[in-house]
Amino acid sequence: MIALGAHAEFIIAAYVGVFAGLAALIGWTVFAARQTKRRLEELGDGQRANSSAQ
Amino acid sequence: MNGFWSVLSREIRLSLRGGGEILTLVLFFVIVGAVVPFAVGPDKALLARIAPGIVWIAAFLAMLLGLEKLFGPDRADGTLALYRLADIPLSAVVAAKVIAHWLTAALPLILASPVLALLLAMDATSFWRTVLSLLLGTPALAGFGAIGAAVTVATRRGGLLAPILIAPLSVPVLIFGVGAIAPTGGPDQAQAAILLLAALSLMVVVLSPFAAALAIDWGED
Amino acid sequence: MTIDTTPKMTWWNRLSHPGQFVALTRPLVLPLALLTGVLFAVGLWYGLFSSPPEKYMGDTVRIMYVHVPTAWLSQFVYATMAVSALGTLVWRHPMADVSMKAAAPLGAAFTAMALFTGSLWGRPTWGTFWEWDGRMTSTLVLLFIYLGIVALWRAFDDQLRAARVVAVFTLVGAVNIPIIKFSVDWWSTLHQPASVFRADGPTMPGEILTPLFVMFFAFTFLFITLQLAAMHTEVRRRRITTLERRAARGDAR
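Protein chains in written order, with the numbering used here: chain Y, 1 to 54; chain P, 1 to 221; chain U, 1 to 253.
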């Protein structure tokens with residue numbers, strides 16, 4: 001790690017905050033995708049979801 | 001045009017028949033303004049300085065309070081569905097309701113503003129400026145209110161949602177409204193604020209009935 | 001061009017069919033995710049290790065590499081939502097609804113990050129976490145609008161009906177955002193002494209522009225990837241609602 005100068009804590013806080021936010025966003029997207037996929041399979045529509053109309 | 005006037009007079013008659021409602025709104029407006037000195041202390045110089053902001057916030061909150069009455073009861077008793085089928089456009093009905101809303105929810109507040117001016121130690125010039133800026137700015141609040149009420153009318157729990165939606169949109173109204181009273185940048189800036197406030201109000205009053213009518217119409221199917 | 005009125009699977013038709021849309025764009029998600037990952041790795045390496053401190057701001061300039069992209073996205077996502085709202089209102093494009101709904105929480109998140117990094121940047125450079133400066137204030141108002149839109153989506157049970165109402169509100173917001181921006185700028189110049197730092201100052205040298213551009217594309221591609229994934233999820237969620245309703249009807253009979 002390089003020295004970040006006098007205001008290192010602000011820089012680190014900004015990066016940590018943003019990447020924690022991004023991780024939460026990605027995690028939430030993946031979680032929602034998995035959840036809906038599982039529910040579709042429970043309803044017996046695993047493969048047809050991509051091919052059938054509403 | 002006939003339908004427009006009959007909607008307008010129906011709305012006004014309904015809110016006058018309620019009787020207490022307008023009085024309650026005025027009371028709310030005065031009480032919000034009168035509570036502030038208890039929170040910040042009875043320092044007259046300070047109160048006179050922040051009075052424009054207090055009056056505007058009180059008016060803003062009081063106008064938010066009446067929003068649920070705008071379309072909610074009409075939707076509950078089916079009148080709104082009839083309006084959609086009427087031979088005048090829905091936007092004309094909404095325009096009539098916006099005007100009625102302004103007459104019953106904003107005009108009484110402006111008439112009651114001398115009480116607040118007295119309590120908050122305003123001088124005569126800034127009082128007249130306040131009346132002018134309220135007259136020019138509240139139509140915009142009524143228009144935004146109509147949009148907020150229209151997009152939430154079809155939801156089950158729209159009550160708190162409409163104020164949340166329109167508060168950010170109303171930021172320019174508050175800025176120019178207070179700017180017109182308290183000329184922090186000199187008198188020519190106050191003049192500019194008055195003109196901008198009038199322009200904003202005109203635009204919102206003209207466009208909001210169409211947006212609100214669209215939201216009501218498409219939220220109903 | 002010949003005039004042919006038989007329904008055909010043009011790319012537009014395929015995009016407006018939810019199942020076809022998913023089938024068409026599903027293969028894009030993984031490459032986009034990989035590209036985003038690579039861009040982030042390169043951008044972070046440049047931003048944190050391989051770029052010199054700036055002449056006036058020192059190392060705090062590194063906050064800019066996460067601040068400017070999120071600030072850009074806070075407006076770009078709203079533009080995406082406004083275009084989707086037009087698609088819903090004018091063409092009744094089914095995927096426009098889905099895109100509008102997927103974008104709202106992403107936009108709120110990026111706007112919150114822009115405010116967060118902005119205030120962390122403001123503390124060392126302006127000496128305060130929060131300044132009622134024109135740009136910060138209008139970004140805060142934008143965050144409130146995003147959160148209002150998310151709340152409006154959640155207030156409806158029927159998502160197809162919600163889409164049209166939200167589209168109207170999104171466009172009202174889109175018309176208002178420039179007015180809000182103008183009024184806030186007017187207001188903050190009145191209330192502020194001119195001593196506050198203006199960011200546009202000196203032109204930026206190349207070694208600062210490189211990480212900025214890389215991070216800019218990394219964040220933008222991240223948004224596109226997440227938007228596509230969220231849209232696929234939303235299509236599936238609607239399919240679930242349809243199936244559940246059908247099942248409930250079948251049980252009742």
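It cannot be assumed that every hint is accurate.
Covered stretches of chain Y (in silico footprint by chain U; criterion: 3 or more residues with CB under 8 angstroms from a CB of chain U, positions within the stretch not fixed) [claimed, not checked]:
| no. | segment |
| --- | --- |
| 1 | 6–20 |
| 2 | 29–43 |
Ranges between beta-carbon positions, derived for each pair [to be verified]:
| no. | chain 1 | residue 1 | chain 2 | residue 2 | range |
| --- | --- | --- | --- | --- | --- |
| 3 | Y | Arg38 | P | Ala81 | 24 to 30 angstroms |
| 4 | P | Asp188 | U | Thr220 | 39 to 45 angstroms |
| 5 | Y | Arg34 | U | Thr189 | 33 to 39 angstroms |
| 6 | U | Trp126 | Y | Val30 | 36 to 42 angstroms |
| 7 | U | Asp185 | P | Gln191 | 15 to 21 angstroms |
| 8 | U | Arg154 | P | Leu111 | 48 to 54 angstroms |
Every beta carbon over 12 angstroms from chain U, so not counted as near; a handful from chain P, in silico [said to hold, decoys possible]:
| no. | residue |
| --- | --- |
| 9 | Leu47 |
| 10 | Leu65 |
| 11 | Thr79 |
| 12 | Leu80 |
| 13 | Arg84 |
| 14 | Arg129 |
| 15 | Leu160 |
| 16 | Ser170 |
| 17 | Val178 |
| 18 | Met203 |
| 19 | Trp218 |
Keep in mind that the hints were calculated from the coordinates and are not lab data.
Glycine residues also receive a C-beta, built at the ideal position from the N, C-alpha and C atoms.
Please settle this one: P/Leu160 was flagged as non-interface, so is its CB more than 12 angstroms from every CB on chain U?
-> Non-interface label on P/Leu160 violated, nearest chain U Cβ at 9 angstroms vs cutoff 12 angstroms.
Outside-interface status for P/Leu47 - nearest CB in chain U farther than 12 angstroms | Non-interface label stands for P/Leu47: nearest chain U Cβ at 19 angstroms, farther than 12 angstroms.
Take a quick look at P/Ser170 and tell me if its Cβ sits farther than 12 angstroms from every Cβ on chain U, holds or violated.
-> violated (9 angstroms)
Does the claim that P/Trp218 lies off the interface hold, with its Cβ farther than 12 angstroms from every Cβ of chain U?
-> violated (4 angstroms)
Examine the segment 29–43 of chain Y: at least three residues should have C-beta closer than 8 angstroms to a C-beta of chain U.
-> holds (count 9)
Does the Cβ distance between Y/Arg34 and U/Thr189 fall inside 33 to 39 angstroms?
-> With Cβ atoms ~49 angstroms apart, the hint is violated.
Measuring Cβ to Cβ, find out whether P/Met203 lies farther than 12 angstroms from everything in chain U.
-> violated (8 angstroms)
Against chain U, does P/Val178 hold up as non-interface, every C-beta pair farther apart than 12 angstroms?
-> Answer for P/Val178: violated, closest chain U Cβ roughly 9 angstroms.
Distance rule for P/Leu65, whose beta carbon must clear each one in chain U by more than 12 angstroms = Check passes; 18 angstroms lies beyond 12 angstroms.
P/Arg129 and chain U, when compared Cβ to Cβ, separated by more than 12 angstroms = At roughly 16 angstroms from the nearest Cβ of chain U, P/Arg129 sits farther out than 12 angstroms, so the non-interface label holds.
Regarding U/Arg154 and P/Leu111, is the given constraint of 48 to 54 angstroms on their beta-carbon distance met?
-> violated (39 angstroms)
Take a look at whether the Cβ-Cβ distance between U/Asp185 and P/Gln191 falls inside 15 to 21 angstroms.
-> Holds: the Cβ-Cβ distance is about 18 angstroms, inside 15 to 21 angstroms.
This entry does not satisfy hints 3, 5, 8, 15, 16, 17, 18 and 19, going by the numbered hints stated previously.
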